[in-house]
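Colleague: Using the sequences provided together with the hints, build the complete structure.
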Amino acid sequence: MSELIVRGARKAYGATVALSRGDLHLKPGEVHVLIGSNGSGKSTLCKIVAGSVKPDAGEVLLDGKPVTIDGPRAARALGIGIFYQELSLAARRTVAENILLPAMPVKGGIFVDRTELEERTARIIAEFQDVAGEGFAADVTVDRLRADQRQLVEIMKALASEAPILIFDEPTSALDRAQVDRFFEILRRLKQEGRAMVFISHRMDEIFSIGDRVTVIRDGATVASSAIAETNADEVIRQMVGEREALSAESKPPVPAAAGEPMLSVANLSGVGFRDVSFTVGKGEILGFGGLHGQGQSSVLRAIFGASAHHTGAIEVGGKACAARTPAEAIRNGIAYVSGDRGRDGTLTGRPILENVTPIHFLRNRLHLARPSVLTALVEGPLKALKTKFQDIGQPVNSLSGGNQQKVVIARWLIDRPSVLLLDDPTKGIDLAAKSDLFQLIRSLAAEGMGIVLYSSEDAELLANADRILVFNSGVVTRELQGEERTRYNLYHAAYEAA
Amino acid sequence: MSNTATQTSTGGLGRLIRRYPFLPALIILVLLLALNGVFEPRSLSFRSMTGLVSTYLALMMLAVAQTYVVFSGDIDLSAGSIVSLVNVSVIALMQKWGGDGFAVIAACLVGALIGLACGLVNGIVVAGLRLQAIVATFATSIFFTGLALTVLPVAGTPAPEAYWTTYGGRFFGIPFVLYAVAAVAILLAILMRMRLTTQMLAVGDDQQAAFQTGLPVTAIRIKGYVFCGLFAALAALCITGDTASGDPLVGGKMTLYSVAAVVLGGSALAGGFGTVTGSLIGALIIGLINALVFFVGTPSEWQNFVQGLAILLALMAGILVSRGARA
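These protein sequence lines are chains A and B, in that order. In case it helps, the numbering used here puts the first sequence at residues 166 to 664. In case it helps, the numbering used here puts the second sequence at residues 17 to 343.
In case anyone wonders, no lab produced these hints; they're calculated from the structure. Quantities reported herein were computed from a predicted structural model and do not represent experimental measurements. Glycine included, every Cβ here is placed at the ideal spot set by N, Cα and C. There may be inaccurate statements among the hints.
[Said to hold, decoys possible] Label-pair distances were calculated between CB atoms; the ranges are:
id, chain 1, residue 1, chain 2, residue 2, range
1, B, A50, A, A291, 34 to 40 Å
2, A, E481, B, Q224, 40 to 46 Å
3, B, Y36, A, L534, 41 to 47 Å
4, B, L272, A, L532, 37 to 43 Å
Modeller: Written out as structure tokens, the structure is:
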């Protein structure tokens, strides 16, 4: 019987505050739901309790006594088990080895006790055997399992800890109905045993079917906590949205007179992580992609850009069919793509600013020789237009701040103007001033006639800048928000609906 | 029920390779043995096989040493230098202590301790101080070679007779090296059952996941390097028996051979997957390739060229076999 209290937990990564004031009161014998939008700090709070993130401030009380959890091992010793959203499995190890990896049974002090390993895992697996599906067995390596089966292994791993406190950070996102039902049966049994459990999910129906209490986190701070019986879905969504609802209504962009001729049209596009997506972006329009993180928005943009494959569907750029299989093809067809993951998709780390602005120019014009004086003149305009701050065009791009790096990446698309600009969460890790510069530029590019698609994981950004919003849920577009419908409330409602 | 599903989804060979990842290497080994037999029938005699093992036992040991760091996704470019350092230290000690049986055993024990200490240094530098394994162990390799050169500046001091006659001798009609091979096989079978081996592989698989699981990641990686140091010391004892002399540079060129043996044996250089058995077979493949190059009568100036080409072919064949099985 453990009672866990977290007070004022805080965690910042550089300038980004992941959690500003996390409070949680977890009682024995309850399933405590944590809810909040993308990046609100739920996972950070969980990881602080599980010891894999060290808080900058705040206190944790276990049964009334203050404790310091200085690592995952310490957390286990205190009786805290966790299901990690991103999973913590060794892909080449077997299901059985993974389930008991944290505490392998040993004999003779150093040898794995195979009999004990098999017996204990068999008992745990038996609880899920009939819903686990084909190919699931104790001696199969995890890399041969489907996504839902891996999630089951992580659930079993958490259950095997037999800890009095169990944290489940989005354990059901890949599970099917039968698997979720079985998991909930087990949770109810554990509740009877007096265990305390944290449960995170984005599916409202699940939350109300299994939860006892719900704590709402907004922008890194705990804002409300109430018994499930005393609240309802609308109330919870209102708490997640907060008072900024009114503000965002004011900062909404004016409804454009009419979107011009179509710059980009996508019909019935399906691929890994998304299906049957259709939309059109007109000349001068900014189309927003919204919804919870990882519901297929990035995958669609990357498929259009040729950075990942799509199976079926048609893409047209400026009325011409364009089925780019590589980014190079897409770029020559006039498509631009800016990703928030600058390290992976954007900057050429360690190379000068000049080299970071020119690669697209070289590609589109099939140039092979660099003439620094000509290039420097070409580069100056776009960098100035973006108000990029730098001392010297030859300084390495990684010596700039995140915001200025992103400006350099965007500048490379402005030498030869594309007709379509795809923005994949472009403001990740960028300060507020740079953000406002970026959105000013994006609006002026649209005014000049570009068609723009903007995916942002920050809902405020989306509401303030997109003319129309498509809400994604589990890889499909579930709702289109236009004109006056573009409110935080509607956005959340569509995003959190059971898919 | 679920087992049959996995079985039908892939061929029988695929299943076998998943269970015994060193199978492609074993096939190549048998092929090479056959080729050796074709070009030099006498090479398949018991006597020549014993000779092959006694020459390549050192590389086999070093391949095992390398495997334990590769398991957890690390690498040790100083393994060969540890061999050199232990080789010259053991020679120097045996000479100093007078070359009788007791001195030999004492020197071997000290040699093993030196190997352990070198491994510990590597582990602390790489896992403790979080330096890049490839560069850090390259640096320690220069450092260990430097130490070896101060112990014995030039090659040539002979090993006492008691040492090399034991290594090359026979007991009850069976060559000593075969006892050594049997002892190592038993030791490796025991090590394979250790919890530490599973933990090393889990760390090599996904270090972040292993940390979040609650495994002591740094300690596990350091232990990998300590194992590596110990087996490098055993390799040094073998090479001392085979060459019967001290040479401060003897191990240098063995390092990358040991890495090649690990890869030939089917282990993933990125960590998380592999077997020591595979590495032993990999070392033997390299030995047989060298023998074959000699038996087919390659002119001396072409031997390196042919040897390199043959190792490349063996690597490709291994990949083709496992890929064919997966499809």
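Colleague: Now look at each hint and say whether the structure bears it out.
Modeller: Status of the hints after comparison with the structure:
A50 (chain B) and A291 (chain A) have their C-beta atoms about 49 Å apart, which leaves the hinted 34 to 40 Å range violated. In this structure the hint that E481 (chain A) and Q224 (chain B) lie 40 to 46 Å apart at CB holds, the actual value being about 42 Å. With their beta carbons about 55 Å apart, Y36 (chain B) and L534 (chain A) fall outside the hinted range of 41 to 47 Å. About 41 Å separates the C-beta atoms of L272 (chain B) and L532 (chain A), a value consistent with the hinted range of 37 to 43 Å.
Hints 1 and 3 from the list above are not met by this structure, while the remaining hints are.
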